[in-house]
Structure formats: C-alpha cells, structure tokens
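Residue 227 in this note's numbering sits at position 201 of the sequence shown, with consecutive numbering throughout.
No wet-lab data here; the hints were simulated from the structure.
Nothing here was measured: the structure is a model prediction, and the numbers come from that model.
Just so it is clear, CB atoms sit at the ideal spot from N, CA and C, and this is done for glycine as well.
Hints may be right or wrong, so weigh each one.
Claimed, not checked - If you anchor each label on the Cβ, the simulated ranges turn out as follows: (1) THR267 / ARG342: 24 to 30 Å; (2) ASN415 / VAL72: 40 to 46 Å; (3) VAL131 / THR75: 40 to 46 Å; (4) VAL399 / THR174: 23 to 29 Å; (5) ALA81 / GLY302: 30 to 36 Å; (6) ALA259 / PRO477: 42 to 48 Å; (7) ALA434 / SER74: 34 to 40 Å; (8) VAL72 / SER212: 24 to 30 Å.
Claimed, not checked - SDA-like mimics (lysine to any residue), calculated; alpha carbons at most 25 Å apart, straight line: (9) LYS293 / ILE341; (10) LYS345 / ASP79; (11) LYS454 / LEU409; (12) LYS293 / LYS454; (13) LYS471 / SER391.
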Amino acid sequence: MRALQTSARNHTTFRQRRLVCALLITLALLVPLRNPFAASATNAPVESTVVLDPAGAPFLQGTFQVVSNDQANETSLHVDCDIASYTYNELGTADIHYQNLSTGVDNVVPGNHLDILSDISGSRIAFVEVSNSGDFIRVFDTISHAQTVIPGFEKNLPSIGGNLVAFEDRSAAFGIPAIVTYDLNSGTITQLTNDSLSNVFPQVSPNGDAVVWNKCQFTGCDIYAAIQTSPGAFTTRALTTGKREEPFASATNGELAVYVSNRSGEKDIYYQPLTGGNEVHLSIPGDQRFPTISGDFITFESAVEIGADIFVYDIRTEKLYRVTNDQVDHHFADISVCNGVGRIVYRTESNGGLDAYAFTFQVPSVIEEQIDVVITEIGNFNLPPGTANSLVTKLQTALAAIEAGDAATACSSLTGFINECRAQSGKKLTPGQSTQLITSANQIKTDLGCP
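With these hints in hand, go ahead and build the complete structure from the sequences.
Spelled out as structure tokens, the structure:
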C-alpha cells in the first residue's frame, strides 16, 4: 500500500478532500448536467436511420485481457494503438498508469499521487493533477519522460490528439466551463468558446485538427465542432441544435462526430461529418451510452437485461458486433484502430470494485463482409439447390483465396461467378436478381483491385 505523501503546505486531509472533489467530476459523467441558463428549441437535423438489433449481433472475434484487477479501483481508461492509460485509485491516492497491451508491461507516470482523468495520444499522456492551488494539466511523454505543464489552474477533462490538448477551463466566474486548446509545439493557447453556457467534455481528433464538445444549458446540450485551419486558428460550427443531446457523450475521428441524443424517446447513437452533411441515427432498443470512434468503428455501451455490455458498429458495412455478454456491468469503453488491429479498453464493475480490461481484434475485412452479404442474398432468393450451391461455391472459393492472400484466384472466382449470373439471367435467376448479384460482385472486384 502506498502512503499518502504530503508537503509542508498540503496536509493529508486537505489533499484527500481535493481528490474526492476531483473524482466527483468523474462521477458526474454518469448524471445529466444541469445549468441555470435557458434555451430555445429548434427542429432536429435531417437524418437517415439504420435499425439494429443487439440481440442478434454476432460476437466480434478477439482476445480479452486483464489490464488491472487488484484491490484498487481503475478508472478513466483510454487507448492509442497498443498503449492504454488509466487512473489507479487506492486509499486516497490516485496515479496515472500506462500499459503496453502487447507485452503487459505496466508503468506509473511520475506525479503527486493525486493524478486523475488521463488521455493518451502516441507517446503522450495528458492528465489532471490535483493541488491545493487548483487543478492543472500535465502532459507526460512516455518515451522521453519529459513533462509539460499547461499554464493556469482550474483545468479539467483534458483530451489529447497529435500536438493539441483541449480541456475545460473553469477559472471564470461561477466556474462556468469554457473550451480551451493548447498547442504542445508552440505553447499557443486558444479559447474556442466565450459565452455564458456550459461548454464541456472536449474531444480531440487523433491528428489534433478537430475538437468536438457539448454546449449545454438547463434543457440539454448541442454538439459543436472546431476544425483547425492553421496553428491556433479554428472554424467553429454547431452540428446539432435543439438541446437534445446528452452531455459527456461525444467523440470524433477527425472526419465524423459521434454522440448520443434522446430525441427519439430513448438514448441512441448518432453521427455526422464535422463539415456538415447527412446525420445517421443508429436505432437500437434501449439506451446507448458513451460512444467513442476510431477509423470506421464506433464502440459504445448498451443497457441490456442485466447490466451494460460493449458493442462495436462498423460504419463501412453497417454491421453491429457484440463484445461482452457476461451479466457484468461494462462501462466507458474507448477504442483505437491501428494498423489493422482494433483495441478496446473498458471498466468493469465486479466484487464491489472497478477493474480495467482490454479486448483486441483483427479489423474485419470489408471485402469478406461484402462476400458474406452476397451469399446471404443468394440464400434469400430461394433458388434451386444446384444453382444456389454453384454460385455460393464460387464465392466461398474467392473468400478462401482472399484469406490466403491469393488475389488472383479470388478475382478469377468472382469473374466465374459473374459469368454464371449472366448465363442464368432469365432462367434460374430473374433479370433483377442477376443484375443485383453482378453489381455486388463487380464492386467486390473493384475493392479487391482486380484487373
């Protein structure tokens, strides 16, 4: 057990009190934000809807591992490629740990044992350090071990991407939070918001070129985005209006913003381009919470019959996968897709404590998914068994060749499939069925790079 370290001016009871106050910020993520400012309602943005059924979602194939499950509480998990960061809370102390998920090597960020709310990007970890002067933000480089202190106190919830750190600045009157960024290269500080509303939960894109956050008042929140056009210069726009989005539930991959809204009568996942465009609504029974996004994959927790489970949605194929299903509460998942490998870290409530886990998976191939869809279409056509078997066999041969890295054989099998569809048009296949299958196979050949 660690002893709580103190200085001459920081007594143990005071620091514990500061830590408890700071940890309450984390607990605030679980409850709606309320603020004494009014809002005017406007129409919801135009949306398209994808209806998904979690009960029928296939399991995403991968490997689970324990990050930390001892008697301490592990919170605030984040991941970038194969490095995860988290807060390790034990007997009134809090330290930032980072772990290589490939090797299992775990390290501690040097601090004052009152360090919380970390985020990670590459080799850098941004976190809040609690002090008697006020909470401030440090950035630690896991390679050089150099530390950067962002100027000022009353800073909270840092998010880091590339060379940019965004955070809540609560130093204004009444502690009303504003969104501020700090450039680690130049030391430039840029205030993105300057109004009487509560601007909270900034999330930075992986390359540091975009920030999304919640602008909230008494009736709810809207999602805002700022795109960096040059160092320290941002273009800001509202992505939603009407104050129907949930606080502390948004993220960005640099191209899309993903968030939670209750406008359908329950809490569902939505996403749209940062620059504006079509908004997609993932219609899923029950309440969905705390989405994060990396590349083309969105992970989130979904309330199930007992507890909450982790799911992953593939934007490319509009397919939903299930990650957990063990009647234990799993919360606050974060995802990183790096070099064809996806990693999810999350918090699990077990035995009265909070433990940290990770899940690693190979990113599903779009081409393999496309072939599976065509095979399903053939099954839905109710074709004569001989015709269906002949068509499916050619697709399965292509699928096996792709898995073996033999693109030439895959392309040849797809060409044979197309030729058979043409030959059976108006016979065993209707012209419409033939056209549908040929169009799908040609798209697969294009994606595969066939000549």
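Now the hints, each set against the structure:
1. For the pair THR267 and ARG342, the beta carbons lie near 29 Å from each other, so the given range of 24 to 30 Å is met.
2. For the hinted restraint 40 to 46 Å between ASN415 and VAL72, the CB-CB distance of approximately 44 Å keeps it satisfied.
3. The hint said 40 to 46 Å for the Cβ distance between VAL131 and THR75, and at roughly 44 Å that hint holds.
4. Against the hinted window of 23 to 29 Å, the Cβ-Cβ separation of VAL399 and THR174 comes to about 48 Å, which falls outside the hint.
5. Checked against the hint of 30 to 36 Å, the pair ALA81 and GLY302 passes, with Cβ atoms roughly 34 Å apart.
6. Distance hint check: the CB atoms of ALA259 and PRO477 are about 46 Å apart, consistent with the given range 42 to 48 Å.
7. Distance hint check for ALA434 and SER74: the Cβ-Cβ separation is about 38 Å, which falls inside the suggested range of 34 to 40 Å.
8. Distance hint check: the CB atoms of VAL72 and SER212 are about 39 Å apart, inconsistent with the given range 24 to 30 Å.
9. The hinted pair formed by LYS293 and ILE341 meets the criterion: a straight-line CA distance of about 19 Å does not exceed 25 Å.
10. Taking the CA atoms of LYS345 and ASP79, the gap is about 10 Å. The hint holds against a cut of 25 Å.
11. Distance check on the hinted pair: LYS454 and LEU409 sit about 7 Å apart at the alpha-carbon level, within 25 Å; holds.
12. Restraint check for LYS293 and LYS454: not satisfied, since their Cα atoms lie roughly 46 Å apart, outside the 25 Å limit.
13. Between LYS471 and SER391 the alpha-carbon distance is near 14 Å, which keeps this suggested pair within the 25 Å criterion.
In this structure, the earlier hints numbered 4, 8, 12 are contradicted, and the remaining ones agree with it.
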